[in-house]
Structures are given as C-alpha cells and as structure tokens.
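A.B. asks: Quick mapping for you: the protein sequence lines, in order, are chains Y and W. In this text, residue positions in the first sequence follow this note's numbering: the first is 1, and each later residue adds one. In this text, residue positions in the second sequence follow this note's numbering: the first is 1, and each later residue adds one.
Derived by calculation from the structure, the hints in this document are not laboratory data. Don't take every hint at face value.
As the list claims (entries may be wrong) - Going by beta-carbon spacing under 10 Å, a handful of chain Y positions derived as facing chain W:
(1) T276
(2) G327
(3) D353
(4) V366
(5) N377
(6) L380
(7) L383
(8) G384
(9) F386
(10) T387
(11) R497
Unchecked claim - Here are the simulated DMTMM-like pairs of lysine to aspartate or glutamate, each with C-alpha atoms no more than 25 Å apart in a straight line:
(12) Y:K406 / Y:E385
(13) Y:K349 / Y:E277
(14) W:K153 / Y:D288
(15) Y:K349 / W:E235
(16) Y:K200 / Y:D483
(17) Y:K206 / Y:E189
(18) W:K153 / Y:D97
(19) W:K236 / Y:E416
(20) Y:K205 / Y:E481
(21) Y:K206 / Y:D231
(22) Y:K349 / Y:D288
(23) Y:K206 / Y:D175
(24) Y:K205 / Y:D231
(25) Y:K138 / Y:D97
(26) W:K153 / Y:E330
(27) W:K236 / Y:E385
(28) W:K153 / Y:E140
(29) Y:K200 / Y:E481
(30) Y:K349 / Y:D362
(31) Y:K200 / Y:D175
(32) Y:K138 / Y:D288
For each residue, glycine too, the CB sits at the ideal point set by N, CA and C.
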Amino acid sequence: MSAPSAPLLSVQGMTKRFGTLLALSEVSLDIVPGEIHCILGENGAGKSTLCNLIFGVHQPDAGVMRFRAEPYRPAAPADALASGISMVHQHFSLVNDMTVVDNVLLGQTRGVLDRRACASRLDQLARQYGLPLEPFAKIEDLSVGERQRVEIVKCLMREPHLFVLDEPTAVLLPDEIAALLDVCRRVAERGCGVVLVTHKLAEIKKAADRVTVLRGGRVVATSSAPAAEIDALVRAMIHRDADAPATPAGSTPIGGTAAPPGASADRSAARAHGATEVLQVDGLTVRDVHGVTRLDNFTLTLNGGEIIGIAGVEGNGQSELAAVLSGMIEPTSGSFYLEDLDLTRAGPKAVTDAGIGVVPEDRHAVGCITGMTVAENMFLSRLGEFTRWGFLRRGAVNSAALALMKHFDVRAAGPEAAFSSLSGGNQQKAVLARELSLQNLTVLLAAQPTRGLDVGAVAAVYGHIRAASARGVGVILISSELDELLGVAHRIIVLYRGRIMGMCPADPGQRQRIGAMMAGHAA
Amino acid sequence: MTTATAPTTAAPASPRLGSLVRRHAAILIPVAAVLAAGSIGLGLVGLMGVPIRTALDAFVGGAVGSPYAIAASINRSVVFALVGIGFVLANRANLTNVGGEGQIAVGGIAATAVALYGGVAHLPLGLAIVLPMLAAVAAGAVWGALAGIFKVKSGTNEVISTLLLSFIAIWLVYWSVQSEALLRRPRTTSATLPESLEIPDSTQLPLLTGDFSFPLHIGLPIAIVIAVVAAIVLEKTIFGTRLRAVGLNPVAATRAGISYGRTVITALALAGALGGLAGSFMIQGEQYLLKDGFSSGYGFDGLVAGLLARGSVGGVIAASLLFGFLRSGGINMEMVAAVPTALVMVIQGLIVIMLAAASFWLDRRTP
Numbered sequence: 001m002s003a004p005s006a007p008l009l010s011v012q013g014m015t016k017r018f019g020t021l022l023a024l025s026e027v028s029l030d031i032v033p034g035e036i037h038c039i040l041g042e043n044g045a046g047k048s049t050l051c052n053l054i055f056g057v058h059q060p061d062a063g064v065m066r067f068r069a070e071p072y073r074p075a076a077p078a079d080a081l082a083s084g085i086s087m088v089h090q091h092f093s094l095v096n097d098m099t100v101v102d103n104v105l106l107g108q109t110r111g112v113l114d115r116r117a118c119a120s121r122l123d124q125l126a127r128q129y130g131l132p133l134e135p136f137a138k139i140e141d142l143s144v145g146e147r148q149r150v151e152i153v154k155c156l157m158r159e160p161h162l163f164v165l166d167e168p169t170a171v172l173l174p175d176e177i178a179a180l181l182d183v184c185r186r187v188a189e190r191g192c193g194v195v196l197v198t199h200k201l202a203e204i205k206k207a208a209d210r211v212t213v214l215r216g217g218r219v220v221a222t223s224s225a226p227a228a229e230i231d232a233l234v235r236a237m238i239h240r241d242a243d244a245p246a247t248p249a250g251s252t253p254i255g256g257t258a259a260p261p262g263a264s265a266d267r268s269a270a271r272a273h274g275a276t277e278v279l280q281v282d283g284l285t286v287r288d289v290h291g292v293t294r295l296d297n298f299t300l301t302l303n304g305g306e307i308i309g310i311a312g313v314e315g316n317g318q319s320e321l322a323a324v325l326s327g328m329i330e331p332t333s334g335s336f337y338l339e340d341l342d343l344t345r346a347g348p349k350a351v352t353d354a355g356i357g358v359v360p361e362d363r364h365a366v367g368c369i370t371g372m373t374v375a376e377n378m379f380l381s382r383l384g385e386f387t388r389w390g391f392l393r394r395g396a397v398n399s400a401a402l403a404l405m406k407h408f409d410v411r412a413a414g415p416e417a418a419f420s421s422l423s424g425g426n427q428q429k430a431v432l433a434r435e436l437s438l439q440n441l442t443v444l445l446a447a448q449p450t451r452g453l454d455v456g457a458v459a460a461v462y463g464h465i466r467a468a469s470a471r472g473v474g475v476i477l478i479s480s481e482l483d484e485l486l487g488v489a490h491r492i493i494v495l496y497r498g499r500i501m502g503m504c505p506a507d508p509g510q511r512q513r514i515g516a517m518m519a520g521h522a523a
Numbered sequence: 001m002t003t004a005t006a007p008t009t010a011a012p013a014s015p016r017l018g019s020l021v022r023r024h025a026a027i028l029i030p031v032a033a034v035l036a037a038g039s040i041g042l043g044l045v046g047l048m049g050v051p052i053r054t055a056l057d058a059f060v061g062g063a064v065g066s067p068y069a070i071a072a073s074i075n076r077s078v079v080f081a082l083v084g085i086g087f088v089l090a091n092r093a094n095l096t097n098v099g100g101e102g103q104i105a106v107g108g109i110a111a112t113a114v115a116l117y118g119g120v121a122h123l124p125l126g127l128a129i130v131l132p133m134l135a136a137v138a139a140g141a142v143w144g145a146l147a148g149i150f151k152v153k154s155g156t157n158e159v160i161s162t163l164l165l166s167f168i169a170i171w172l173v174y175w176s177v178q179s180e181a182l183l184r185r186p187r188t189t190s191a192t193l194p195e196s197l198e199i200p201d202s203t204q205l206p207l208l209t210g211d212f213s214f215p216l217h218i219g220l221p222i223a224i225v226i227a228v229v230a231a232i233v234l235e236k237t238i239f240g241t242r243l244r245a246v247g248l249n250p251v252a253a254t255r256a257g258i259s260y261g262r263t264v265i266t267a268l269a270l271a272g273a274l275g276g277l278a279g280s281f282m283i284q285g286e287q288y289l290l291k292d293g294f295s296s297g298y299g300f301d302g303l304v305a306g307l308l309a310r311g312s313v314g315g316v317i318a319a320s321l322l323f324g325f326l327r328s329g330g331i332n333m334e335m336v337a338a339v340p341t342a343l344v345m346v347i348q349g350l351i352v353i354m355l356a357a358a359s360f361w362l363d364r365r366t367p
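Please work from the sequences and hints to get the whole structure.
C.D. replies: So this is what it looks like as structure tokens:
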C-alpha cells in the first residue's frame, strides 16, 4: 500500500453516553481506502459502540464524522448503507427459514425477485473473494461460518466503500478465521476500507495494516506496524496486567468475607480442603437438535476450595457445559454428582437447592430479570423464606437485600430500585451476591463473570470468587480471557470443539501451551 | 390576613384549574375520552336520522332508568369483571387469554348440566347453588389449562389456542342444546325450542334484596371478594411474584427455580376458571336455561375490560362497570329508539379506541 491517502472515513472527538455510562470518550481515528484497520480492545472497551455510531445505529453525543470528504451524520443504518458503508454485526440477522438467495434479496429488491440473477451474482462474488456458498441452501442448514459468509456477501453485494466487521471471528473455527481474513484482504485490495473489530491478537498479527486500541471508551494506542508492536498493544489493551488478576494482592475483596491475601494463600487453602471432592462430572456429552456434538465426554473432579478454570475460544462447548451443570438442559449422556447427590437431570431448582450457585454467562437473558427490583432479583429463588400466612413480607425481603447490597458493594438507589437502573458491574455483583449467599453453597459455577465490566468491578468479582474458594467452595470458572484464568484459577482445563484438549496448572508459564490447546493443537 | 389572601386566591384562577387538571389527569383524561366518544356516537345517531333526544333517553333509560335496569347493568358488569380479572391474572405472566367467550360457554354447559341432572336441587346448605358453580369453575379451568398445556408442550401461541378453543366451546353449546341425548329439553311439540329446561329455583342465584324489580344477585359480592383476592395475590404473594417473573423473563425465572410450565398452565387455568364462573352466573343468575349463543360476546367485552385495565384489578372493575351500563343502554337504544345494533357496536368501539388512546397519552406523559 502506498503512503496513506486522504482518509475515507474521518472520525473526530466521538463521545457517547448510555445513562451514566460513558461508553466512548473523544475518540478520533481515520480509515484510509485499501487498509484493514483493526479496532482492538477488551469487552466493554467501546468497540461495538464505535461501530454502531459509524453505522448510524446510535447517534453521538459529541463529535463529527466525514466520509469521502463529505460531512457524514447517519440518523439510521439506512443512511450508512446509502452512503456506501456496510456492516457485519456480531449477531446475524438472517431468516433461518429462507434460502441464501432470499436472504440476500431481502431489503434489496423492488418489484419482482430475480433469484437467478442474484444467484449468478453470488457465484461471481464467491469466485472473486473466495466465499463459496450454495445459493439455494436454507440458512438453517448452514454452519455458523457459512452463515457469516452470507452476511458478508449481503454486504459485498452493495459494493461498499467501507466495510465494518464487528467481532466477526468470535464464532469461527480457526480455518474459518483464516479464510475470513483472506476475504478481508481481498476486499481491501479493491480499494475498500475495512474496519475489523477484535480482541484477538493473532488476527492483528496476520491481517492488520493499522491498529487503534480502545480501553474504557478512549483511544489508548495506535500503531501503523502492529505485527512488530504486538506486546505494546497488548499492554495498552489490558492495562490491568499490572494490577489484577496476575498479582492478586491488588484486588481486595469488598465486604467482610474472610479473604485470602493472594493466590498463594488460595492455593494453600485449596490444599487444606483438598481431600474433599465436591463435584464429580462424568462423561457429560451434549448433542444439539441437529445431532452435532457440542460437548464431548467431559469429565472432571472438583475439590472443595479449588478453582478450576475452563479455557477455550467461545463456542467450544463452554455454554453447553454451564447449561448442563446449572440444570437448564439435560445432557445426552453422562452424569454429574454434587457430593453423593445425582443432579444430572434434576433441573435448576434442585441444582440450586443442592448448593450449586450459578453465575450465568448471559446476565440479561438468564441471570436476572431487569424489569423487577434488585431485592426481587436477589431472592427470587428463596421467596419462601419471606412469607407469613402466605403473604410475601416485602419489608423483610428488602432489608435482607439491603444487607447483601452492603456486603457485596452493590450500588443502587435501594433494594426497590429497578434492576435495569444498575450499571453492568453492579448487576453482576448483585447476581454474585445472590449466588454466593445460598446457605449451603458448595460449588460456584461462574461463566464469563467479568464480561463487559469495568476494572473495579472485575477486581471485586475476583475478590468474591477467591473468598468463596477460601471458604471451601469449589469453583468452576468459565472464561474466554486466558489472563483471568491464569490469575484466578488453580488448574485450567482447555476445551476445543467440546472436548478436553488438556489440563495444566494455572501458571503464566503455561500460556503458550494453553494457547496452542485452545487452537486445537494437542499439547 | 384575610384581606391579604383574598386577592391572591382570586387572581390565578386559571393556573389553578390547570394544576387541578394535571393532578387528576389519570381520572379526567379517560372520562373526557368516554364523553368525547359518546358525543361522536350521538352525532352518528343523529346522522342516521334518529332524533338524538330519543336515542339518549333510551340509552339512559336502559342503563340507569329503573332499579331493574341498574341491577341488570351491574349483573352484566360482574360477568365482564370476572373475565377481565382472569385476563389480568394471566397477563401478569405475559399470557394473552382471548378465550373468555369459550370459557363462559363451557362454564354455562357445566352449570346447566349439574343444576338440571346432577341431583343437586334438593341439597342443603346452599350446595344446590354452589355445586353447579364449582362445576363451571372446573370446566373453565380445564378449558384454560388446555391452552396452557398446548403452549408448554408444543409452544402453541395461547392467543391462537384460546381463541380456537372458544369456537369449539361455542359449538359445544349448540350441540348440547340440539341433542336430546345431551341438554335439550324433551321435545313435546314440533315448536319446542332448542334449549335446555329451566334450572330448578333452588339452583338459581339468590337475589340480594329478594325483590324481582331489583334483581341484583349474589354474583356481585362474590366478584368483589374475587377482585380483592386477585389483587392481593398479584401484589402480595409469592405466586404473584412468580407470575411476573415468568412474564418478564421465562429463562431467568426457570434458572431461579420457578417452573415455567406449571406457572403458565396455572395462570391460564385460573383465567379459565373465572371465565367458567362468569358462565355459571349468566345461567344461574340471569338466563336460567342454556341456549345457543347465550354467552352473547360477553367474553370479548370482558377481554377488552382486562386489556384497558392494563394490569390493574381496579381498572378492570371500572372498565367492567362502564361496559355493563353501556351494553344495557345500547340494547335499550336498539329496542326503543331503533338505533341499529351495528351503530351501538361502533360507539362501543369508539369508546375503546378513545380510552386506549388516552392511556397511551398518559403513559407517554408520565414515563
């Protein structure tokens, strides 16, 4: 590529608030034609917000954009599309019942649908960019990678000047990722600007011409030679490498829980409780409705006080494992026991009653009911403890909730505040408070517990998990952030395509080996 | 003191009125909506060539013109209120029960069957009255629960299933009164109507005053008790909280140990039970025999009362009273002033739309 030409898209001082949350603060960057510009950042850094502002989903509170040397102020995605900006969202917007061609034609055609012309155009694009697709296959019969190709083709049909992909690789297998990056390169070679949002370093190394790093809604670093500066970029992205979680002394748990001073104490605590097996998982296998094996013969023994981390790229069986262990789905085969109690098909109520606390991966869909109050969310599973003559004693629920809120530093207007009025971090602390306060808590299952949280909330979550472990609670921590697992867990199990690729101690020296296992290389 | 205050009270008369309106907007706006709809309706009556004065007299006469009219209006309101409360209960779990009409129908069949052939007529302690009512409650509950089971087992939308179950129930009434093997009265002449025998006096709902010129029956106090209980269940019990949790987020409710299936089926069974009870009131309190079409669309009026109430039991009662008197007045307007039925329906529809618009407007004003 020649010296950077006039910018295709120029973003100046973009600021966006959601309620009290400052999602983006004074973000400026340029995209030039023909480059692959990666936006790097952890979950919650503002990457998606930036994309949504560019694509007109949200409007900025401050800041201006220029696109192709014209002022650009999209009021809706339709404006962005009309200007020549296309975007592949994290979540697909495909109609599963319809064919590829019909999905591509959706919203594109006036009058008669010319399916044959569309199919031949698809074939042409497929050859041009290396995106093989069967035009008349139904979406529901396609793999995730193929569905994404449909989304990409939908965008490319419009011959965009700027092509935005929001975390496109999160759901892909490694060879699919490689193919996707090739497509991005070919699109860029045709003079289109490509914005690739990611938090994966391998992709930066492989594909990025330039990188902008976001953290906490601000631009914290930029690089024009990212492959050479990868370490500096990582430091910029996860600034907390200096404090939490690798040196846990920085993360003091909040509240009066007996807390270990650090990981070494954790480990001795684990040894102290070591002898007692609390959870025995034996050969769990989950096949989905299409007969695809999502979790394959998963076996593990968890001791009291031990924290086992489950590592892996998302979509390699972690969600299924969490769903089975929390009683939300039944496994196809295999079993799991809490101490001597068979909970394999017992359902969520029995799982909770037996003493397994669950912090679900998807807080809004599973973890809480945003339309109810903080107190109701904290005690929904335990309302029976607060009745007199069949009536619910709201006062008692509220004061119990207030005590929990204090103990876990949940900041809200009060126990009667709507759960939706809490920030993400406080919502997650409330969910943790609920699960950690189960009377007979023996095992805590925490899936992606720090996703989307700010640094302070992350530290609090780690503190509570460590405190629980110090009390002798066995913890299964599922996370896609390897650093988190290395800092908090005692042992790490790596999942790849639903199988256990290997297990190793949570030692930062194992990083390379774990990375290789996450990518599917037996170690 | 007095001299100083006098001018200040006099001067800002209109701002005061403004703040009065603002403070009581929740009452005044719906009232204004009803009045506006009524005026438009009367305008339409005028356009049809019926003297407005005659129509209005007939309407008022039918709704409140005599003790008999008032009692009939209230009895009607009681039926609407029961269906509406059932709607609100199920709606708390985000379920839309549009099957009130069918639940009334099966309730009516069950009440008639037990009253006529259940051998209850000579039972003591009010059992002659209560057993047909309980049969109606059970029949309505089954009819509602069926929709719940369909939803839980196969994901059938309850709007579809409750509506289609209503058609089945309505035709079951037709079958029951056409077949002598079922409830049709023995055919004595060729002119015997397709309807059941009249239920025994002892199974009919007692009148509150015992005076047939003011035939208000004990359905009213029963409905009031049910309304109070329903309001308490919704606001003050675990079951009410669970209904709300399932309605807001079924997955998170399941995770919290609440059985989605049981909650959905129970909620629809309760709604159906109240519809069944309403059916028994119509048979045992007003009509005293089963005939085709006896449910007269009351299930749908009750549904609208529930919809307009937006989740509040008090709102159901207000809307039911409004519709009860409206229906009575409308029927009389049709009979006395010869205003076409269709126009009466149009006016009712106008009122519903205006009320819905008013509540929408109120919602936007106070977020």
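A.B. asks: Next step is simple, just say for each hint if it's right about the structure.
C.D. replies: Quick rundown of the hints versus the structure:
no. : hint            : verdict
1   : T276            : violated, 26 Å
2   : G327            : holds, 8 Å
3   : D353            : holds, 7 Å
4   : V366            : holds, 5 Å
5   : N377            : holds, 8 Å
6   : L380            : holds, 4 Å
7   : L383            : holds, 5 Å
8   : G384            : holds, 7 Å
9   : F386            : holds, 8 Å
10  : T387            : holds, 6 Å
11  : R497            : violated, 26 Å
12  : Y:K406 / Y:E385 : holds, 20 Å
13  : Y:K349 / Y:E277 : holds, 22 Å
14  : W:K153 / Y:D288 : holds, 19 Å
15  : Y:K349 / W:E235 : holds, 24 Å
16  : Y:K200 / Y:D483 : holds, 13 Å
17  : Y:K206 / Y:E189 : holds, 15 Å
18  : W:K153 / Y:D97  : holds, 22 Å
19  : W:K236 / Y:E416 : holds, 15 Å
20  : Y:K205 / Y:E481 : holds, 18 Å
21  : Y:K206 / Y:D231 : holds, 15 Å
22  : Y:K349 / Y:D288 : holds, 23 Å
23  : Y:K206 / Y:D175 : holds, 13 Å
24  : Y:K205 / Y:D231 : holds, 11 Å
25  : Y:K138 / Y:D97  : holds, 6 Å
26  : W:K153 / Y:E330 : holds, 17 Å
27  : W:K236 / Y:E385 : holds, 14 Å
28  : W:K153 / Y:E140 : holds, 23 Å
29  : Y:K200 / Y:E481 : holds, 10 Å
30  : Y:K349 / Y:D362 : holds, 18 Å
31  : Y:K200 / Y:D175 : holds, 15 Å
32  : Y:K138 / Y:D288 : holds, 18 Å
Of the numbered hints stated above, those contradicted by the structure are hints 1 and 11, listed in ascending order.
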